[in-house]
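*Asks:* Here the protein sequences line up with chains A and B, keeping their order.
Taken in order, the first sequence gives residues 1 to 114; the numbers are from my numbering.
Taken in order, the second sequence gives residues 1 to 112; the numbers are from my numbering.
Hints listed in this document are in silico derivations from the structure and should not be mistaken for laboratory results.
Keep in mind that a hint or two might mislead.
[Claimed, not checked] Below, in silico cross-link-like pairs of lysine to aspartate or glutamate (EDC-like), each with a Cα-Cα straight-line distance of 20 Å or less: (1) Lys-102(A) <-> Glu-53(B); (2) Lys-56(B) <-> Glu-15(B); (3) Lys-102(A) <-> Glu-55(B); (4) Lys-69(B) <-> Asp-83(B); (5) Lys-26(B) <-> Asp-66(B); (6) Lys-13(A) <-> Glu-101(A); (7) Lys-70(B) <-> Asp-83(B); (8) Lys-56(B) <-> Glu-82(A); (9) Lys-69(B) <-> Asp-7(B).
[Claimed, not checked] Examples of chain A residues lying across from chain B (beta carbon under 8 Å, computed): (10) Phe-45; (11) Glu-75; (12) Gly-108.
[As the list claims (entries may be wrong)] Covered, in the sense of this in silico footprint (three residues per stretch, anywhere, with C-beta under 8 Å from a C-beta of chain A), are these stretches of chain B: (13) 16-22; (14) 44-58; (15) 67-78.
All figures in this text were calculated on a predicted structure; none of them were measured in a lab.
Even glycine gets a Cβ: it sits at the ideal position worked out from N, Cα and C.
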Amino acid sequence: KAGVTQTPRYLIKTRGQQVTLSCSPISGHRSVSWYQQTPGQGLQFLFEYFSETQRNKGNFPGRFSGRQFSNSRSEMNVSTLELGDSALYLCASSLGPQGSEKLFFGSGTQLSVL
Amino acid sequence: SQQGEEDPQALSIQEGENATMNCSYKTSINNLQWYRQNSGRGLVHLILIRSNEREKHSGRLRVTLDTSKKSSSLLITASRAADTASYFCATASTSGTYKYIFGTGTRLKVLA
Numbered sequence: 001k002a003g004v005t006q007t008p009r010y011l012i013k014t015r016g017q018q019v020t021l022s023c024s025p026i027s028g029h030r031s032v033s034w035y036q037q038t039p040g041q042g043l044q045f046l047f048e049y050f051s052e053t054q055r056n057k058g059n060f061p062g063r064f065s066g067r068q069f070s071n072s073r074s075e076m077n078v079s080t081l082e083l084g085d086s087a088l089y090l091c092a093s094s095l096g097p098q099g100s101e102k103l104f105f106g107s108g109t110q111l112s113v114l
Numbered sequence: 001s002q003q004g005e006e007d008p009q010a011l012s013i014q015e016g017e018n019a020t021m022n023c024s025y026k027t028s029i030n031n032l033q034w035y036r037q038n039s040g041r042g043l044v045h046l047i048l049i050r051s052n053e054r055e056k057h058s059g060r061l062r063v064t065l066d067t068s069k070k071s072s073s074l075l076i077t078a079s080r081a082a083d084t085a086s087y088f089c090a091t092a093s094t095s096g097t098y099k100y101i102f103g104t105g106t107r108l109k110v111l112a
């Protein structure tokens, strides 16, 4: 069974641009969560989607948004990029909604904002 | 603020020694998980312990949970150079909508 796939692996953007990151969960998994990881802040929860509905949201500005498709694939969008958005963005999938299931992580997308 | 906080932030030991790292959290939890992350990669699930369990083993890993102290510990016995990684605890609160909150991690370095 294929693992969680995130694309692209690396991304370089400039301030003010927007970016879309993609995550394909493990087959059969219906929950997809996104985390931002920076050296100073550790892993910060962005949001979780379950069966195409946003189930949970972290404390991030509205520039961060996401969606989930009927095949459970998810995309995350960041508009009007800022230097502070440079981070490793991790996607995790699980069979059921977060709370009682273990998470399976992708390798992440390393975003650099110049 | 983070739900889980790992301690110590960094740990350096010799191969063959045991490594112990701790996690403290703030609210009542449904379960607690430990993950490992190799440099710049995704996290890998190690072990899940439920709130009604006190100890769990998996290979060279031993996890304890003390809900009265709101703390957990991860013990890696007979460490190997390949255990060099960052270790995170993740907790899901019993209040509100469950979501896993991760601590800032313990960076473990095992010297050969």
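*Asks:* For every hint, state whether the structure bears it out.
*Replies:* Hint-by-hint comparison with the structure:
no., hint, verdict
1, Lys-102(A) <-> Glu-53(B), "holds, 16 Å"
2, Lys-56(B) <-> Glu-15(B), "violated, 23 Å"
3, Lys-102(A) <-> Glu-55(B), "holds, 18 Å"
4, Lys-69(B) <-> Asp-83(B), "violated, 28 Å"
5, Lys-26(B) <-> Asp-66(B), "holds, 12 Å"
6, Lys-13(A) <-> Glu-101(A), "violated, 34 Å"
7, Lys-70(B) <-> Asp-83(B), "violated, 26 Å"
8, Lys-56(B) <-> Glu-82(A), "violated, 43 Å"
9, Lys-69(B) <-> Asp-7(B), "holds, 15 Å"
10, Phe-45, "holds, 6 Å"
11, Glu-75, "violated, 18 Å"
12, Gly-108, "holds, 6 Å"
13, 16-22, "violated (count 0)"
14, 44-58, "holds (count 3)"
15, 67-78, "violated (count 0)"
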